[in-house]
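> Protein chains in written order, with my numbering: chain A, 1 to 608; chain B, 609 to 871.
Treat the hints loosely; a few may be bogus.
Calculated Cβ distances over 12 Å to all of chain B for the following chain A residues [to be verified]:
#1 I431
#2 G462
#3 I558
#4 K563
#5 R574
Ranges of calculated distance between the beta carbons of each label pair, as one might list FRET restraints [claimed, not checked]:
#6 K744(B) to A359(A): 35 to 41 Å
#7 Y368(A) to G826(B): 55 to 61 Å
#8 D631(B) to P565(A): 32 to 38 Å
#9 D833(B) to I569(A): 35 to 41 Å
#10 S334(A) to L758(B): 33 to 39 Å
For the record, the hints were derived by calculation from the structure and aren't laboratory data.
Think of the CB as a built atom: it goes at the ideal place given N, C-alpha and C, for glycine as much as any other residue.
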Amino acid sequence: MSVNMNTDEAVVLASARGAFDQDWRKVANWGLICAFALIFVSLTDMPDKLDKRVIVEPLLSMGYLSLIWIPIALGNLVTREVVLEGMTQHKKGVRELVAGLSVGAIGGAGLALLIWLLDTRDLSDPLVNWNDALLEVLSFGEGVGYGAIFWILASAGLGLAGGALHVLPTTANRLLFAISLTIVLAASLESALDDISEGFRLEWLFEALFEKKGGLSVQGAIILAVFAIAWVLVLGGQAKRGRAAVTARRELSPTKVNTVGLAIIAVAAVVLPMFLGRLTNDLFTNVGLFLLLALGLNIVVGLAGILDLGYVAFFAVGGYTAAIMTSPTSPGLSPELPWWVAIFVVVFMAIVAGLFIGAPVIRMRGDYLAIVTLGFGEIIRLTVRSDWASGFTGGAQGILSIPGADIVGVATVKGTDPQQVLYLVIGFVAIAIYVSWRLENSRIGRAWMAVREDESVAEAMGINTVNSKLQAFVVGAILASFSGAIFAAKVGSVFESSFKILVSIVILVIVIVGGMGRIAGVAAGALVLVGILGGPNQPGLLAEFSEFKLLIYGALLIWMMLKRPEGLIPNVRRSRELHQEEFLQDAWLKAQANDDDDEAASGEVAPA
Amino acid sequence: MSERLLDIQNLSVTFGGLDALSDLDFHVDEGEIVSVIGPNGAGKTTFFNMISGMVTPTSGDIMFKGESLLGLDPNQVTARGIARTFQNVRLFANMTILENVMVAQHCRTKQGLMGALFQTGGFKREEQEIREHGEKVLGFFGSRLVGYRLNQPASVLSYANRRRLEIARAMATKPEVILLDEPVAGMNPKESEELTGLIGKLRDEWGFTIVMIEHDMGVVRDVSDRVVVLDHGETIAQGSYDEVSSNPAVIEAYLGRPAEEAS
């Protein structure tokens, strides 16, 4: 993973090439990609729909941001070179600027073409967003000519800026990146920051940064930029050193727990909800519910390697069991148990469902298993809706008036009080994290890993693979059913439409994007996806994005698979597996340095 | 006659009309080192797969300590006390070296979910035992697999060390019989000589009974008490190395028939 890092000295640095010494074919290609991307984003209607969400008042909205990042990014990418040891690297100069400018200009021309077509043709039949509102946004209400020329010039300028990033020194690049990230992040988190600042009596700070009607003020943006610069210049080095120290410690003793970090998180989990407002508490509750689900799926997929695409089934089992057990109006069976008693029934039902679905499914492998689990996920939902079961589940009408969760002797958690529900969720997430952590470092966890690596060898080494996988399935089912039971108490009603296949997919995306097999990774995935973008039926911080949620999920997933398949915060094993070659090179270099082993020292490292 | 440790009678297996093994009789007594040799495709690995339960025989019986192994799953066979290595090294590449030998003790240990969740005394004790036994087994190969290596993933090991770890993993299952499938394949002469010595130690010091498939006749000569020669799924000869190596049928199987006889 550090193969390319120390090679800078070995790179031959040649003088800059001429401004027009370009690979024009490549420039044209990237230019067309830029044009296509701009048109595509425009036709998804992002510029129009997100225009109301202001980043910096009155300069920039999310809508325009959805367009302007494209020429910058592509203008930069067009002249990016992967430099390996021994290759000639040219000095960056005017050539990069020209390339970026050209890419941006071609892209802008594409957008100008779209503006002209929007004005003259009506393609609203297949393209639903082909309307005057889009034209209005793209041309700033100033007419087609103005819009077209503006975008060609603006896009060329942005492309030039993208190319210029190559020429600027690294520190400047880092500063620019930090500034843009801080501003965009602050604007995205606006509603949460509003809520939090109220809790901490920091309204004055919030008012200094944000306009009343939404969006950062210009002065707020400047304050944040200064803050970002200070952060990078003052703390940048320290953060890097700290991270290196943590990594080094982890390498020495991989199972050791970072107690300080854990303590900080624990204290934050107890204290923070008190200061948060309704909105943020509710948001974190949603994140927690999905984190609970993702932790369960992480055991099933990340540890035992069972690709379960119907995981929502257990969420539904938990939700419906809790609903039937606690709601006074549930049709058929209505024992009206208190929630904390019902949770035992929920666990029991989750085990039954886990065994019932798991027993036939886990005898299969790979693709077959994935498809069958996908089927079972839908079967559970359709069964719940069917006439046959509607006597108990209420069919499409669902089950209503579920009382909140009462915890014996401690408190009654009302579903309507986000703060109490958040505490409940945090409690269960803590249980889930503890379970994941303890099981991973146990006999059973090792057996799961062995099954994931090579099932038939695991069996030959004395592991009962059927039992092992069934255990993983059931543990995952129980964690999902907890989430379902809290969900039922929180919302106060359950409908089969809350348990669609999309939920399974979102949970899986959380696990993959966050980092499969790593608890911190899964938490990061849940925060980013559910917290910022929103869950399948739950709004996130960027409520305006809900329409584009799936598009962004998909784009993010593709980008992650290409650039960082191990996830945001990866599991050591998985990143090893995915970067096998680099890892072996590293290990080989290390072995050369400190190895007394005769064959390793002579350079014999077997191929992967 | 004393009871055989492993006694195989009339073992046959057919893969879609092809007799991979036919009417094989084979036995191993406790403390023996038996080599199974034969040209490529003779059925040696199929024979191992059948003993370890990965392939079900068409007919015949496999008796281990007087009980039949037929119908048992591979993990049950391992639990009874027969461990194996694989010809094409199949380690758990992303698990660490120590974890590879720890996970192999699965069938000898019994702590379940509850032990792990509540960190019971029994659980901690057992984890400690698993770790100690794992390190002991790895220590059999000198300093090669221990020390800083313990927490490295198996994928970084050199080829010879991977073969060694495969043997260590089989040893960790606490077996009575170890089936070694070409233990020195791909090793250089110095390494195979060293491993030959270790195979002898496996029996003399650890008390394992060994059945070994091997192509390297030097190794076979040095360690085997008995050699069984397979060809086309049948036993064509068995006895000491010297007897077998001068047997005309064996020479024919390996070298082919002289031209004038063949015509």
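> Work down the list of hints and note, for each, if the structure agrees.
Against the structure, the hints come out as follows:
| no. | hint | result |
| --- | --- | --- |
| 1 | I431 | 10 Å, violated |
| 2 | G462 | 3 Å, violated |
| 3 | I558 | 25 Å, holds |
| 4 | K563 | 21 Å, holds |
| 5 | R574 | 8 Å, violated |
| 6 | K744(B) to A359(A): 35 to 41 Å | 38 Å, holds |
| 7 | Y368(A) to G826(B): 55 to 61 Å | 46 Å, violated |
| 8 | D631(B) to P565(A): 32 to 38 Å | 52 Å, violated |
| 9 | D833(B) to I569(A): 35 to 41 Å | 55 Å, violated |
| 10 | S334(A) to L758(B): 33 to 39 Å | 58 Å, violated |
The structure shown violates the earlier hints numbered 1, 2, 5, 7, 8, 9 and 10.
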